[in-house]
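With the hints as extra help, turn the sequences into a complete structure.
Number of protein chains: 2
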Amino acid sequence: MIRYELLHVDAETGARRGRLHTPHGVIETPVFMPVGTQGSVKAVAPDDLRALGAQIILGNTYHLMLRPTEKLVAKLGGLHKFIAWERPMLTDSGGFQVYSLAQARKISEEGVAFQSHLDGSKHMLSPERSMEIQQALGADVIMAFDECPPSQSERAYLEQSLDRTTRWLARCVKAWRPEGPSALFGIVQGGMHEDLRRRHSEEVCAHDLPGFALGGYAVGETPEAMHAGVGFSAPLLPKDKPRYLMGVGTPIDLVTCIGAGVDMFDCVLPTRTARHGQLFTSQGKVQIKNAKYIEDEGPVDPKCSCYTCRTFSRAYLRHLFVAQELVAMRLNSLHNLHYFLHLVDDARAAIEQDRYGEFLREFRARQV
Amino acid sequence: MIRYELLHVDAETGARRGRLHTPHGVIETPVFMPVGTQGSVKAVAPDDLRALGAQIILGNTYHLMLRPTEKLVAKLGGLHKFIAWERPMLTDSGGFQVYSLAQARKISEEGVAFQSHLDGSKHMLSPERSMEIQQALGADVIMAFDECPPSQSERAYLEQSLDRTTRWLARCVKAWRPEGPSALFGIVQGGMHEDLRRRHSEEVCAHDLPGFALGGYAVGETPEAMHAGVGFSAPLLPKDKPRYLMGVGTPIDLVTCIGAGVDMFDCVLPTRTARHGQLFTSQGKVQIKNAKYIEDEGPVDPKCSCYTCRTFSRAYLRHLFVAQELVAMRLNSLHNLHYFLHLVDDARAAIEQDRYGEFLREFRARQV
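Protein sequence lines, in the order shown, are assigned to chains A and B.
According to our numbering, the first sequence holds residues 1 to 368 in order.
According to our numbering, the second sequence holds residues 1 to 368 in order.
A hint or two may mislead.
A pair counts as met if it fits within one copy or between any two copies, since identical chains are not told apart.
[Stated by the list, open to error] Calculated lysine-lysine pairs in the DSS-like style (CA-CA distance at most 30 angstroms, straight line):
1) Lys42 - Lys289
2) Lys42 - Lys81
3) Lys285 - Lys42
4) Lys122 - Lys174
5) Lys75 - Lys239
6) Lys289 - Lys75
7) Lys71 - Lys289
8) Lys122 - Lys292
9) Lys71 - Lys239
10) Lys174 - Lys239
11) Lys292 - Lys42
12) Lys75 - Lys303
13) Lys81 - Lys292
14) Lys303 - Lys42
15) Lys303 - Lys81
16) Lys174 - Lys285
17) Lys292 - Lys75
Hints are computed from structural coordinates only; laboratory data are not their basis.
In structure tokens, the structure reads:
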């Protein structure tokens, strides 16, 4: 299982430099985790991810349980072997996609009944079923099955949902095999309400789990509200355990929430935007299809050392995107992943040198 | 410009082992050239092509003249620089796609007027215009502008077309700058008629060009007819110049036509079939989406050393293809390109050892 080592806390902010020891190797934190939804980080291969320095990737339980199914993955030796990724992996509980993707969803005390978005087939996700699937997949970190209500939910609904998520966590803990390879993280919900966040943190952290996560952020609220919420919630989590902010976020989200003491992030943003031709650079966002790049011989980002920037001009990348060449998806994804991964590399270095406050302010000042 | 060195002719067959010296490096022949239609070999990047050992790739004049336009490519330093491919390149004349893709096509003595398949814009390709475009792109080998009539054309039409192609060749030669970096190849047509092939070979080879090509094969006739035709036509070409069979072909086509003395091949087959999940292997074709591969832990081809076969199971590749993951396009393309490139590597080795006849018979016997 995993072990978290807190190496250093920045002198000015709450930023933490740590190390997460897992059965598939050591993760230097803070860490950004690319999302491999269906067992593949879209448009890139494991060799690309290794070259980019990705330390850990995600798999989505909802997608994998439907196709190819966790039974098949387990039969073929587990998720690491199936997708040929020998570094650490994390799977989510399936809950988030059940709420956002599945059809005919029905929440009860037992769990969530739903129909597959692929073929309408009927399924049930419950704390026990989510633990069963995730332990069959065999990721290094698995997540508790929770409800993630929309950010604009009524307080009364949120309270009811929190109670149920707390009861579901107890069932997850019971269904979890701590002697196995997968470390269970609990998830704190509570929307934008500080009292609910505090109450739920206490309930969740009452379980002595290997790590804890903040859920229910980046689900529709403003970035400012999210940053304030995480600024309040992250320090409520145990100092000696890794803290994972689920589904976040933009570069400014990462930099801000690292300052609040978050250790782990995941988001589809770098790969999804890449497929739409939006590239993150040290000088702001580049929409590669823009006509102003037609004759642009420069790289996407002159400060970037990724394969795409080392090799190709904006003019060529624009041509590939406009001509709908498949390789554009890979080259754009490599660049954006490099940007996110190296942003967090830089954050780690800044924490080590006790200059994270300065790093954060400089990064904010550069945002347009 | 280029220089061809004939190193060895197989003792039994007409197979030739040669070396083509170009401004961008040496090409060992026989050679298979992956097709980079719009300035990109679909789904793979230059780093992939180098790792695969691709010696030379193609660009399509028709596609590139329309988008991004040869003017832009020339302004940005030529096709090699634009697409970041420092090894040799060849461009076709644009003729073939004008006949197969363009709209409202009208052939006259001047050339071919047509409308772009992209936006309906009006264009003209003529011997002079094709030479202008190809020399602006700056490939190491450029092709004469010819007409490529369908295989079932009437003999009367073919004769008329041949005469025009001969007149067009004289105009191409006039518009070509032999002192530049691009070597012009003439193209012999004549359908399946041996007398027309002989006559046109004489007309085309009357020009002392750096190389010669066979056009008008693999345009609808049976493989047997094509093999017989090439078996007749290839030896009519000068021994001291490279011989290029355009748009061919399947593995058996390559192996057979190498035996007839062909040095260069290009075809979209490995990349196009890869995108449809059809993989070439030492044991025959694999349709990766087939249900029999659902639990198959073996590689696509146990005898293959490509990245895809070294890394992933058939079960995972099937999952990626069925789930429509973008990376499937790259992994399948890498495998098929590796198959084609290594087949020709093996052919070269067999010629060097004077066992090409045996190689050819064994390969034919393995075909199902």
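Mind listing which of the numbered hints don't hold for this structure, in increasing order? 5, 9 and 16
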